[in-house]
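> Residue numbers (our numbering), protein chains in the order written: chain A, 704 to 939; chain B, 591 to 924.
It should be emphasised that the hints constitute simulated quantities derived from the structure, not laboratory data.
In this text the structure is predicted, and so the values were computed from the model without any measurement.
Ideal Cβ placement from N, Cα and C applies to all residues, glycine included.
Treat the hints with care, as some may be off.
Between beta-carbon pairs, the in silico distance windows are [unchecked claim]:
#: 1; chain 1: B; residue 1: 694; chain 2: A; residue 2: 725; range: 21 to 29 angstroms
#: 2; chain 1: A; residue 1: 732; chain 2: B; residue 2: 924; range: 26 to 34 angstroms
#: 3; chain 1: A; residue 1: 846; chain 2: B; residue 2: 651; range: 36 to 44 angstroms
#: 4; chain 1: B; residue 1: 592; chain 2: A; residue 2: 912; range: 33 to 41 angstroms
#: 5; chain 1: A; residue 1: 935; chain 2: B; residue 2: 924; range: 38 to 46 angstroms
#: 6; chain 1: A; residue 1: 834; chain 2: B; residue 2: 922; range: 17 to 25 angstroms
#: 7; chain 1: A; residue 1: 923; chain 2: B; residue 2: 869; range: 35 to 43 angstroms
These are the residues of each chain, in order.
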Amino acid sequence: MKFLAIETATPGASVALVEDATTLAAASRIDRLGHATFLVPAIDFCFHQVGWSPSDLEAVVVDVGPGLYTGIRVGLATAQGLAAAFGIPVVPAVSVDALALEARTGHRTIWTVVDVRRGEFAIARYRPVPGGVVRDSSTELVKPEVLRAQIEARPGQSLVVGDVAQLPEGLLSGLHRAKMAKPRYPYAVALAEVGRGRYERDLYPAPDDVRPLYLREPDVTINWAKIRQEGPWGSG
Amino acid sequence: MNPTVLAFETSCDETAVAVVRGTEALSNVLSSQVDLHARFGGVVPEVAARAHVESIRSLTHQALNEAGVHPADLDGIAATVGPGLVGALLVGHSFAKATAWARQLPFVGIDHMEGHLMAPRLQFDDFAPPAIALLASGGHSQIVHVRDWGDYEVLGHTIDDAAGEAFDKLARVMGLGFPGGPAMDAASDGGDPAAVAFPRALPDRPFHFSFSGLKTSVVTYINKAQKSGDLPPLADVAASIQEAIVDVLVNKTFKAVDETGARVVGGGGGVLANRRLRHRFAEEADKRGVQVALPDPVLCTDNAAMIGVAGAHWLSHGRISDWAENVDPGLALT
Ligand SMILES: [Zn+2]
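All chains, please: the whole structure from these sequences, using the hints.
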């Protein structure tokens, strides 16, 4: 199976071409605002490296979040555009899963952290299993203190990965069972592995139903003064 | 050469996809978000971007199906590159670039305003430079001298509110809801445009507009009329407000026609769908014996066919965008 993985849900953008379980080419760049300029040239570069033509693709795996909304949409729109050109599936994968898979260790509980700004972080918890990890929680948006409380309440050793650099300084101080580690951003190679698992088990929706994982409603308030329907002649 | 182009427009609150062959629209579909934004009293960028990414794929299929065109029949792909809302632009532009790359087709990013300038070509075979065009919507108001395709001289623009913005604000004052342009047009039905003489702001420079003063005078007028208990019928006030905006737009546009000697006058943007404005355009053009090239309202408001006709034009002139092209939210005609 030949597929492309697209990762643009965080400041780190990357793409990977994968055949079965083998990564044939990958490219990455860290630039929060540059995903749209990076993506297609990087895909083009990888295809040239490997010698594939676009029509060889069987599926596109894409990170649907949680993460930066604009980055997620650039990635998803690109994936949808590629997939629509040949009628191939779009397989959504989530950023926290890709982080955990890349960080897999022998025994520690893994906590993945994605900065979604405005003081909140998307987090998820994973349990190590031979060769991988299993998600033990849903993905939720929390304040940093909540993350600390959850780790504290959990017995055993923990590994905290993802955008830990954005967490408040000293958040985990005194918590000796927990250790921070890399990777900071999810990477297309790990995302591809998450996506391949879902693809092989037919665990993906129809293309039109692939949606970003926002975890938050748009930040807008209804401006009643602006939409007031009442005028001098009565309600409009 | 009449290239067949798949075109995308997502600069604001319409997700639009079209297939254009040369200057002929084979399909022109869109998913309007008007209802989505109406409850907020204006376009919310994050809401717009979310809606674009949800509908662009199915709209693309619809546009190709309606045109009876298979992706293999396409000669190129075009998308709006700016100006507009960055998050909204990125959805259509990214989708378009990816589709073009996948099919190994040339891709070209199109200036939204140039799309409006070229839209008349979809319906008027002889719409060609030199021409004058009025571009007026909620986001822009300018008079453009089209000296040649790609050679545009902006003769004048608004110094405060865009014309569509003025309609929105005034419709709000009147209690007519959002968006204001169509609401004011409807409310003016049967009204007397000469009922109330609202002022026409005329800034020093002959082709510039100003609409912010009009709101103040309308508010003052309504307050006074309410107090004295002789509020004229809604239709008369709406028609008079509409006339004050239309008058300025039309007079300045035709002043530009007179000064440049252009033989054809076109237009684009949602305000050009206004019935009174279209009527006045025809009248003024008749007086001068110049041709009016105002496309149907659906081609005046934001649409992808206009991006397609501009895309077909530039692709047949060999212009191709780089895969690294980014959107440009602040793009301006030069
Ligand atoms: Zn427009």
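> Hint by hint, which ones does this structure get wrong, listed from lowest number up?
Hint 6 is the one this structure does not satisfy, whereas the remaining hints hold.
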